[in-house]
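Asker: Listed below are the residues making up each chain.
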Amino acid sequence: MIQQIQTQRLLGFIEYLRAEDFCLGVKESEHALEFISNLSELDQSFSKLSLRSIACRNQDEWNRFDKLFNQYWHPKQYPIVDIRLSRKQQGKISGFGGSSMNALNLVNEDSGLKGSGAGKQTTITKADYRFISDQHQMRKLERLAERLAYSLRKKLSRKKVYRKHGTTLEVRRTLRRNLTNGGMPISRIYKRKELNPPNIVILHDISHSMSWNNPLLFRFARGLVRTCKSCEAYAFHTELFPVTKLYRQQSLIKMREQLESNNHLWLGGTCIAKSINQFNAHFANTVLKKDSLVLIISDGFDTDEPDMLNDVLKILSQKAKKIIWLSPMLERIGKENIAESMKRAMDSIDVLLPAHSLAALEDSVHVIKQYS
Amino acid sequence: MKSKIEEIKNQFTEHAYMADDALTTSVVLMENLSRPLLLEGEAGVGKTEVAKILAKIKDTKLIRLQCYEGLDTNAAVYEWNYSKQLLSIKLAENTISKEIENIFSREYLLERPLLQSICETIPPVLLIDEVDRADEAFEAFLLELLSDFQISIPELGTIQALSKPLVILTSNNTRDLSDALRRRCLYHYVDFPEHEKELSIIRSKVKGIDEKLSEQIVTFVQALRQQELRKRPGVAETLDWAVALTGLQVNDLFQHINTILETRTCLLKNQEDMALIDKQKTETMLQGIA
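Order-wise, the sequence lines are chains Y and A.
Residues in the first sequence are numbered from 95 upward in steps of one, following the working numbering.
Residues in the second sequence are numbered from -10 upward in steps of one, following the working numbering.
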């Protein structure tokens, strides 16, 4: 009877981990049950270590596991803290618009968070990220945003396609094909040209006005940079600076700390045109290729002269294949109400897409795939 | 099970590798569940060493596959011995009987590391080192081996493992591995060691090192890892530095600041970090650990 209870609890723990985005299949459950048969006090540490090895898939899960284990198995010692209103309490984003629960409820309604169960799940991915107050949901969306870029990778394939014509001979296959000819290379096979992931250059606005949506957009940009080796990233507020290495950091916490300490994150106005001009002058020639896609992630609120943005984007568009602008404000204010500088630069912007929610970012990945 | 973990832990210690409970649990699970173990962590923390020591403990062969971009089945799994095949055909042309051997038989197959690992009668340790350096197409070749310990060769069929190897994959996390690969493996993140652990590693590996010096070295390196470096020094770098300082007959870091600066190439591997850890910074760090 006790064994049954323990098994039920263990299965409950596995479900709990799945709800925390741990990828645990049937096999992992079987292994866990096989080894963790006795969760008595004596075996607690062993059980925890074994489960961690079976359940975790990456460093992020490894770091979170201990806390989740303690919260589930020792709820009195490690209670789960209600983390609603965390943005307001932390004070990271000012002017949230009202401090009462009523105001927050209005905001949540405005964001479209309706429905329940699967319906609510779908709604959350489409909801404007800036209005989501549940930190659990926010972290989940951020993790998913980082994984969106995975679809840009080449599909895993065991079979390489070779060609009858080409410039580079595939020696092994040619020899093999011509064994029947006694080795004479009568029939030749050529190598297929390697398909490389798209060359993407990200220009990421990290100014104060972007602070509402940037936690999501950071993870999205980070996902792109970590997925595509040839992807470069530059951040800007009043000036531009390279952040590719920063975004490739293994540790997310370290990445944020470095951005915040070195570059006064969340502060300052935005000089979009000046920053892009800086990019054109110092980096564009070395970084951009004929097939490069430039991804500008910004709300478009620029303190520079309105015409300047159009001028710098014209220069940029000559060096890159396409300019794709992702704006977290687009869905909210509409195309007719975008910033004046952006309106004047619309001819130079090839594609203008919303970036307020996970679903919008997913659509943008499809667009990137089309152009790459 | 717990006694087995203790036993393995002691065996690692005998071979001068300080494995903690978590790592030995992962190793024991790998053996019992017959699943590969993926070790992730920064360069120089001792991931590759785990496989080498395990091979010594089990008294078995270590088969190593060093991954790189462009690695394919011909270098990793198998390749046909084309020259032998051509010779066989030529010989057959000139004989009266005209019988041709099957040129796609095992005799003409060159076994590469992955195929070798499943053809051993005694289970070897298969080390797939730095799997994140290989491209994603290569990961697909590993999937069948890691889940079912078999390899499919079109001309020969499926070759099942004679004995299941102990498979250890290492990764520096320079790129994200696919979910398909990760779910086939147990996982263990190898972090930089704590002070006491690193101290015991230095003292066991560097014979004749002064106790006070070893303490200072470890404290200094632990402090160095807190700095904003492009590449943090791993255990391997600490060992190199300890050997260098012992060779230069240094027994007190505080008396040899210039020697620290001259030997920092053991710890720091790029110009940016070298420029950051200059004389002033070194003195500040030494004051902090005094």
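If you're looking for bench data, these hints aren't it; they were derived computationally from the structure.
Just so you know, not all the hints are guaranteed correct.
[Stated by the list, open to error] Covered stretches of chain Y (in silico footprint by chain A; criterion: 3 or more residues with CB under 8 Å from a CB of chain A, positions within the stretch not fixed):
#1 144 to 152
#2 270 to 277
#3 314 to 328
Positions of the beta carbon are idealized from the N, C-alpha and C atoms, including for glycine.
Asker: Are the hints correct? Go through all of them and say.
Answerer: Against the structure, the hints:
1. 144 to 152: Held - the region 144 to 152 of chain Y has 7 residues with a Cβ nearer than 8 Å to chain A, which meets the minimum of three.
2. 270 to 277: Coverage by chain A holds here, the residue count being 4 at a Cβ distance below 8 Å.
3. 314 to 328: holds (count 3)
No hint from the list above goes unmet by this structure.
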